[in-house]
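K.L.:
Model the full structure from these sequences, guided by the hints.
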Amino acid sequence: MMRDFPLLIGGREVAGELAPIESVNPYNQEAWARFANASPAQVEQAIAAARAAFEGPWRQVNGGQRAQLLNALADALVRQARRMGEIETIDNGKVIRETERQMHFAARNYRFFAGQADKLYGSTIPLDNPNLFDYTLREPAGVCALLVAWNSPVQLLTNKLAPALAAGCTVVIKPSEYASATLVELGRMAQEVGFPAGVINVVTGGAETGRALTSSPNVDKISFTGGVETARHIAAAAARNLKPLTLELGGKSPNIVFEDANLPAAVSGALAGIFGAAGQSCISGSRLLVQESVYAQVAGQVAERARAIRLGDPLLAETEMGPVANQAQFERVLGFIESGRRGGARLLAGGAPAREGDRARGYFIQPTVFGDASGEMEIAQEEIFGPVLTVIPFRDEEHAIAIANGTRYGLASGIWTQSLARAHRVARRLEAGTVWVNTYRTNAAQAPFGGVRDSGYGRERGLEALLEYTHVKNVMVDLASDVGDPFAMRI
1 MMRDFPLLIG
11 GREVAGELAP
21 IESVNPYNQE
31 AWARFANASP
41 AQVEQAIAAA
51 RAAFEGPWRQ
61 VNGGQRAQLL
71 NALADALVRQ
81 ARRMGEIETI
91 DNGKVIRETE
101 RQMHFAARNY
111 RFFAGQADKL
121 YGSTIPLDNP
131 NLFDYTLREP
141 AGVCALLVAW
151 NSPVQLLTNK
161 LAPALAAGCT
171 VVIKPSEYAS
181 ATLVELGRMA
191 QEVGFPAGVI
201 NVVTGGAETG
211 RALTSSPNVD
221 KISFTGGVET
231 ARHIAAAAAR
241 NLKPLTLELG
251 GKSPNIVFED
261 ANLPAAVSGA
271 LAGIFGAAGQ
281 SCISGSRLLV
291 QESVYAQVAG
301 QVAERARAIR
311 LGDPLLAETE
321 MGPVANQAQF
331 ERVLGFIESG
341 RRGGARLLAG
351 GAPAREGDRA
361 RGYFIQPTVF
371 GDASGEMEIA
381 QEEIFGPVLT
391 VIPFRDEEHA
401 IAIANGTRYG
411 LASGIWTQSL
421 ARAHRVARRL
431 EAGTVWVNTY
441 RTNAAQAPFG
451 GVRDSGYGRE
461 RGLEALLEYT
471 HVKNVMVDLA
481 SDVGDPFAMR
491 I
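Each residue of the sequence shown is one higher than the one before, starting from 1 at the first, in my numbering.
Just the calculated beta-carbon pair ranges, DEER-fashion:
#1 331 with 194: 41 to 47 angstroms
#2 18 with 240: 21 to 27 angstroms
#3 101 with 398: 34 to 40 angstroms
#4 419 with 10: 55 to 61 angstroms
#5 217 with 292: 51 to 57 angstroms
#6 421 with 217: 50 to 56 angstroms
#7 376 with 452: 18 to 24 angstroms
#8 446 with 331: 35 to 41 angstroms
#9 101 with 121: 29 to 35 angstroms
#10 59 with 381: 46 to 52 angstroms
Don't read these hints as lab results, they were simulated from the structure.
Since we're looking at a predicted model, the values are computed, not measured.
Glycine residues also receive a C-beta, built at the ideal position from the N, C-alpha and C atoms.
P.N.:
Here is the structure:
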């Protein structure tokens with residue numbers, strides 16, 4: 001049955017004023033849901049509701065009480081992890097073994113920031129003048145606009161929402177029009193566990209909704225996860241209104257295998273890096289750099305394993321890779337596969353849609369591996385965001401570092417070696433926000449995450465994320481009893 005998902009504004013469920021957006025299940029191309037489409041006026045209503053909550057009841061909720069609410073939300077998410085995972089799988093095609101686990105990981109993030117909600121410490125600053133007492137306060141940024149992509153809606157939102165709420169902010173959430181269902185459900189869940197009305201608002205819709213939110217002078221901070229070109233427009237709007245901005249964008253992450261690596265582990269890590277989530281992850285290890293002495297062995301094994309990946313219904317436990325999330329992405333990925341062929345890379349596996357049997361109507365693409373590639377090829381430079389791996393040989397450490405840093409991105413990277421010295425040496429020289437050593441696509445609530453260059457700026461998760469949603473206020477108290485000179489600065 002078709003399901004309808006409303007807007008959540010000020011604690012109420014509201015119908016959108018624009019034509020609703022139909023959501024298509026990427027497994028079978030059947031419409032299954034309608035998302036409300038918020039008008040610019042409704043976006044401003046949501047911002048006003050967040051402002052009223054921030055200046056009213058939410059300001060009276062102390063850090064310990066915020067922690068209780070965050071833990072209650074984590075508990076609710078764990079209880080409903082299977083249901084939420086199924087909704088997200090239907091919405092974006094990710095396999096249930098991934099989406100359900102992401103609900104548990106999201107809960108872990110809410111618990112982590114619950115532990116920080118009553119620990120927003122300031123500091124006492126010793127000054128040169130003994131008659132001046134100086135200290136700082138950490139205060140919430142205010143009303144935050146949180147915009148997330150379609151590939152992992154709940155987890156991407158959690159990276160923003162958990163620290164924002166812990167810091168004492170209120171929020172207006174804008175999901176992707178391709179996958180909004182679980183974020184509406186999460187908003188409902190938050191209201192059920194006791195968050196005051198207006199603290200969490202959800203406005204679904206398309207580009208017009210997003211522009212209204214990010215261009216509004218009435219938000220205090222913007223955090224966006226998505227594509228680089230959209231980020232440029234958001235950054236321009238934020239600059240016009242002088243609003244602080246956090247951007248978590250794309251990547252073209254290198255996964256580097258040295259000749260001394262544990263090769264079976266490296267091959268498994270290469271598969272996890274690119275074919276987990278059908279390559280639809282900003283941290284995908286889409287460039288596999290392999291030292292020449294082991295290149296043929298590693299490339300051959302990765303291609304063999306790729307051909308054996310089980311594609312099918314993403315709601316089945318045995319399925320290892322589902323479809324890509326939507327028609328536009330399906331066509332984009334196939335376009336890059338054709339580019340790889342034209343560019344001279346050698347096709348080792350896949351390279352075509354996979355529409356046999358129960359996959360006949362879905363957006364399935366064969367796990368694809370290109371070998372003998374160079375770092376200058378389009379498939380080695382542009383973020384594909386699909387199950388396409390480019391394998392590039394390198395001579396030595398210097399050559400590997402040059403190839404790894406040779407893109408406009410800098411989000412994640414991997415190193416496979418049994419040399420402790422090499423691991424640390426190369427990690428220091430990789431231009432990326434995350435470096436994994438002998439693992440890939442491994443996450444933790446406590447570990448900061450973000451990128452450099454075209455992969456964005458600011459950090460999510462970890463204590464660094466909490467600071468993104470606060471301002472520092474300095475308070476200076478004069479303890480002296482004398483009357484100072486009004487025409488000279490007091491120091």
